[in-house]
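*Asks:* Sequence:
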Amino acid sequence: MSTFAAEWLALREGADTRARNRELAQGISAWFQLRKHISVVDLGSGTGANLRAVAALLPQRQHWLLVDK
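All the letters of the sequence shown, read from the start, carry residue numbers 1322 to 1390 under our numbering.
No wet-lab data here; the hints were simulated from the structure. You may find that some hints are simply not true.
What the hints assert, rightly or not - Restraint-style ranges between C-beta atoms, simulated for each label pair:
no.	residue 1	residue 2	range
1	T1324	E1344	28 to 38 Å
2	E1328	L1387	28 to 38 Å
3	R1339	G1365	13 to 23 Å
4	A1351	A1327	15 to 25 Å
5	N1342	L1364	32 to 42 Å
Cβ atoms here follow ideal geometry from the backbone N, Cα and C, with glycine treated the same way.
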């Protein structure tokens, strides 16, 4: 886990979700829907909030590697 407390990361997840750029998310979704499978490496993944926010935008077949300290 990162040097940030899990409690703090959980508290900010809602704000991070609201701050995500919806237009960018739609563009990413459209781009990757052309692929049958995708692999993602999330550096500094913390509690996995990015995976929870982005996974639904990507193709159904996904492989994630979450890397944190």
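*Asks:* Hint by hint, say whether it matches the structure.
*Replies:* Status of the hints after comparison with the structure:
1. For T1324 and E1344, the Cβ-Cβ distance of about 32 Å falls inside the hinted range of 28 to 38 Å, so the restraint holds.
2. At about 19 Å, the CB distance of E1328 to L1387 disagrees with the hint of 28 to 38 Å.
3. Taken as a hint, the range 13 to 23 Å holds for the pair R1339 and G1365, whose Cβ atoms sit roughly 20 Å apart.
4. Evaluation of the 15 to 25 Å hint for A1351 and A1327 yields a failure: the beta carbon distance comes to about 33 Å.
5. Remark: the range hint 32 to 42 Å for N1342 to L1364 is contradicted by a beta-carbon distance near 19 Å.
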